[in-house]
Amino acid sequence: MRPTARARTTRGRAVRGAALGLASVALVAGCTTAGTRDGTAAGASGGAAPASPAPEAPRPEAPRPEAPRPEAPRPEPSGRTPDGTLLVADFGADTVTFVDPDAGPVDSVEVGEAPYGLVVGEDGRAWVATAEGVAVVDTHRRERLDLVPYETAGLGPVTGGEYRGGGMGIALAPDGRHVYVGVNVPSGNGTLETIDTGTREVTATTAVGRRPFDVDVSRDGREVYATGHDSFDVTVVDTRTQDTRRIEVAPYGTEGGLGSWLKPHYAAVRPSDGRLLLPFEGERLVVLDPETGRSAVERMTADTHQHGVTATPDGTLLVVGTGPIDPSEDAGPSLTVRTKDGQERVIPLDGPHEDVAVSADGRTVYVTGGFTRDGYWNGISVVDLATGDTRRLPAGERPLGVAVLRSP
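Under numbering that gives the first Met the number 0, the sequence shown has 168 at position 169, and the numbering climbs by one with no breaks.
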């Protein structure tokens, strides 16, 4: 008998618990306390990633009560998911969840253990980076079509948690012909795997920085940018030749190495000129020219540790603040709304969050509560940009990646 989604998830959590025991001796680290905010300005650099001291072992996550699964009936094969439905990656399970932006979860689909990032094409197919491979989901029929296994070696056992091997950031080429996924290798630098969306096969595997939190594509599709969280860098990959260039992005310097909080997380491509925008700590915005490798630093005002980011077509930047590094000095979770001329409005949020998406009309922002570290919650904060009002919406299990579904 084919196991149910809940049985599969329970087994996945058992494996995850065992793997976290082993992780206490692994050479991995995330946003742990070290380093200083009195560093240097960001700049370009070539060569290998900076040497790092041995990090502290990752803290095991406390067990959390299991959220109830939605019991809504699955749609008929001819049914279509309504425009504006949210799709979230359930990092605490093996599913993606479809969420009505007013009512909450309506359905879920098994995709593979610990899904992280996701991206949706104009054809309605979602590409989901899981610990097991990249899942392909038909969002209209709400079913998984395929699971493309990774070709990268050394990923370790299929498990969950912040340090698990497998896909993290993921992006789609402008013409929809290729998907690019950043693959975390727990023992060292990551890779960028290129998937042909027609054949659903990996066509290239390219070395990039350590723990590729985010992947973005240039406006013309000729370059891919993999943000290496633990190597303080962006790797620029030529999509035709697979040639790479490493650009250091470290506005506070690299002191603290793997144990530093002050690393790049997510980036957005600025619509007006193609520059990369990388926020740090609600204090500094690195504006990186990927062609020259040069960067400038602009002031930010949220004064909080920052993760997810997206840019709207009119140039508005939306940045997720996860909460303070030092509660005695830093501000709490927030959403920064930054106009193209650099004016900021900071909207407080209740609890840590991770990623962000915006409605088709640009009026509503959805911020996932999954968070890669402790303190996550099973829902989305819905923010009205005109008023700044917020409300909480239930959504899956530890939701990270999020997309707003639209008709072709």
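Simulated from the structure, these hints should not be mistaken for lab results.
We treat Cβ as the ideally placed atom computed from N, Cα and C, and that holds for glycine.
Keep in mind that a hint or two might mislead.
Derived DEER-like restraints, expressed as beta-carbon distance ranges [stated by the list, open to error]:
#: 1; residue 1: G273; residue 2: G350; range: 33 to 41 Å
#: 2; residue 1: P326; residue 2: S406; range: 39 to 47 Å
#: 3; residue 1: G273; residue 2: E142; range: 30 to 38 Å
#: 4; residue 1: R218; residue 2: D349; range: 20 to 28 Å
#: 5; residue 1: T240; residue 2: T311; range: 13 to 21 Å
#: 6; residue 1: S327; residue 2: E121; range: 42 to 50 Å
#: 7; residue 1: P148; residue 2: D383; range: 40 to 48 Å
Now for the hints, and whether the structure bears them out:
1. G273 to G350: 33 to 41 Å: With a Cβ separation near 34 Å, G273 and G350 satisfy 33 to 41 Å, so the hint holds.
2. P326 to S406: 39 to 47 Å: About 44 Å separates the Cβ atoms of P326 and S406, which means 39 to 47 Å holds.
3. G273 to E142: 30 to 38 Å: Holds - the Cβ-Cβ distance for G273 and E142, about 36 Å, lies within 30 to 38 Å.
4. R218 to D349: 20 to 28 Å: violated, 35 Å
5. T240 to T311: 13 to 21 Å: violated, 32 Å
6. S327 to E121: 42 to 50 Å: holds, 48 Å
7. P148 to D383: 40 to 48 Å: holds, 42 Å
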